[in-house]
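Novice: These are the residues of each chain, in order.
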Amino acid sequence: MIDIQSVSKSFVTRDADPVHALNEVSLEIYDNEFFTLLGPSGCGKTTLLRLIAGFEAPSSGVIRIAGSNVAALPPQKRPVNTVFQSYALFPHMSVAENIAFGLEMQNAPKSLIDERVREALEMVRLEGFATRRPAQLSGGQQQRVAVARALAPKPSVLLLDEPLSALDLKLRKGMQSELKRLQRETGITFVLVTHDQEEALAMSDRIAVMRSGDVLQVGTPRDIYDNPQDRFVADFIGESNLLPGAALGRDPAKTIVVRPEHIVVSPASDGARGHARGAVSAITFLGSDTLYEVVLEEGARLHSRSRGGAALATGDMVVVDWARDVERELAN
Amino acid sequence: MGPNRTYLLIAPAMLVIGIFMVLPLFLAVAYSFMTANPYGGVTAPATFDAYLQFLYQRDFDDGLVFSPSYALIILRSIYLAIATTAICLVLGLPVAWYIVCQTPERRRILLFAVTLPFWINTLIRTYCWILILRDEGLANGALRHAGIISDPLPLLYNDGSILLGLVYTFLPFMVLPIYSTLERIDPRLIEAAHDLYASRAAVFRRIVWPLARPGALAGATLVFAPALGSFLAPDLLGGGKKLLIGSLIQMQFTSSRNWPFGAALSTVVTVVVLTVFVIRSRKAQEERR
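Read top to bottom, the protein sequences are chains A and B.
Residues in the first sequence are numbered from 1 upward in steps of one, following this note's numbering.
Residues in the second sequence are numbered from 333 upward in steps of one, following this note's numbering.
Possibly wrong hints are sitting among the right ones.
As the list claims (entries may be wrong) - Here are the computed distance ranges between Cβ atoms for each label pair:
#, chain 1, residue 1, chain 2, residue 2, range
1, A, Asn32, B, Arg532, 44 to 52 angstroms
2, B, Ala418, A, Pro109, 30 to 38 angstroms
3, B, Arg439, A, Asn332, 28 to 36 angstroms
4, B, Ser613, A, Thr186, 39 to 47 angstroms
5, B, Ala533, A, Ala331, 51 to 59 angstroms
6, B, Arg614, A, Pro109, 48 to 56 angstroms
7, A, Gly299, B, Ile517, 40 to 48 angstroms
In short, the hints are calculated from the structure, not lab data.
Note that beta-carbon positions come from the ideal geometry of N, C-alpha and C, so glycine has one too.
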């Protein structure tokens with residue numbers, strides 16, 4: 001659906017220093033998929049989204065949407081609609097007028113517009129709100145209007161720029177599954193930009209992890225969680241222990257990545273043999289889980305998360321162990 | 333705080349408004365119903381004569397003869413004020429939009445440039461237009477130099493030059509309020525409209541203009557009210573050949589010594605401007621609903 005080939009983007013700041021927002025990024029986004037661009041702020045994810053939408057032009061490289069090069073097309077000529085982080089609802093129009101806007105601009109017949117507006121309102125469960133102004137809606141409702149407005153013209157691709165970041169946690173969770181449902185129902189390709197790795201894991205078919213203008217890894221959520229190919233990805237997605245090889249008596253040029261939930265901590269007095277020995281330095285009770293912080297004898301620090309929890313106290317000498325197949329070895 | 337203390341606190345403000353705004357207005361209305369004193373000022377008895385003068389003249393037998401010349405002056409003044417407002421709007425909107433689209437630094441410079449004329453006395457600035465527009469002036473000189481004309485064009489002393497002077501004087505009052513509303517428009521709204529297939533023209537018609545309209549309305553009232561009463565540009569650039577209401581009022585209080593008629597004319601101007609204000613705020617209220 002979207003084919004991005006060696007796309008670069010640099011901005012020139014006021015001090016005339018070029019800033020490289022994207023370095024030769026190549027990506028392929030498939031038909032009917034929920035694709036997420038994930039990374040910390042400043043990683044270039046929003047820039048990439050704006051390039052797809054057409055608000056900015058790439059410095060070099062080619063973007064194809066549905067097979068055709070969109071380089072020469074302004075945003076209004078691209079089969080792509082955007083849900084903005086700030087929603088950008090037109091304050092002087094009612095909810096229905098906002099949703100109808102895209103269709104009106106395409107000169108759709110009145111009857112079709114009315115039907116689509118009704119459909120869109122139904123889809124985002126705002127049936128009674130057609131005549132309200134955006135200012136009369138809550139943040140969550142505004143967000144749903146923004147989604148309805150972008151979906152009403154039935155674009156080939158829906159771009160979502162951190163759409164949930166302004167919502168509180170509970171609403172955010174609800175909207176996550178709502179967006180997922182909308183993507184399934186409409187069959188439209190969704191491209192989501194977020195810095196929230198949990199959100200990315202929960203919603204996406206595939207994720208591209210970005211940092212400093214580069215795509216580090218592309219894959220399914222499970223793939224990226226289980227097989228991070230980079231220290232940054234391992235650290236950014238979920239929680240990870242990044243242990244220097246030396247601390248485990250292995251190749252010092254490697255970093256060993258282990259998820260906290262895979263690490264078993266047992267008292268050293270049991271005589272168990274593990275990957276390393278250490279002392280419990282902190283215990284945090286998390287409800288269903290307990291988090292142990294262990295300082296290894298070689299100085300590294302790691303976290304273990306276990307259900308229930310062994311009878312351990314701070315200062316106890318422990319052995320840490322994990323199955324060999326859950327760890328990943330990365331070059332430093 | 334008791335109600336008495338509250339009144340005490342707002343008293344200074346009420347006093348200022350009362351002395352400098354309400355009282356003069358009241359005096360103007362009161363004077364307009366008096367008889368003219370030939371040496372200036374007004375005397376008893378109260379009369380409607382000043383208002384009759386709009387449409388009638390007294391002949392030698394003290395009979396009333398229909399004479400619309402003053403009414404025509406009023407109508408022409410209103411027409412010129414409306415034209416000034418319209419031209420200021422057509423010029424001011426793109427100028428304000430252009431300024432908004434610049435970098436913050438250039439915006440500051442351009443805004444300063446818009447307010448720059450305020451630093452020079454209006455009288456001097458209006459005189460300068462005479463130097464530019466007269467037969468031997470800069471404009472005709474340049475055109476002759478370029479070989480476009482051989483005889484000077486009559487650029488001065490007509491409705492066109494009055495209009496030019498009015499637009500020149502009041503344009504900043506249109507640009508600034510429009511600028512302040514345009515500046516508050518979230519650029520994302522424009523991106524969103526483009527994203528939803530709107531052409532540049534449609535973005536202007538459907539997004540920018542509706543959101544800029546409050547500023548344009550404020551600018552229109554700020555231009556219309558003073559343009560209606562203005563007498564500098566009409567006197568200097570119009571050559572005093574055709575009177576406008578501002579000059580007419582000024583004359584009644586000076587050379588003509590007909591204070592009641594001057595006051596009646598002022599009252600009419602005030603009523604016209606107030607009517608425009610009321611219509612405007614009614615409309616604004618309707619839109620907010």
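Novice: Please write out, lowest number first, the hints stated earlier that are contradicted by the structure.
Specialist: 1, 3, 6 and 7
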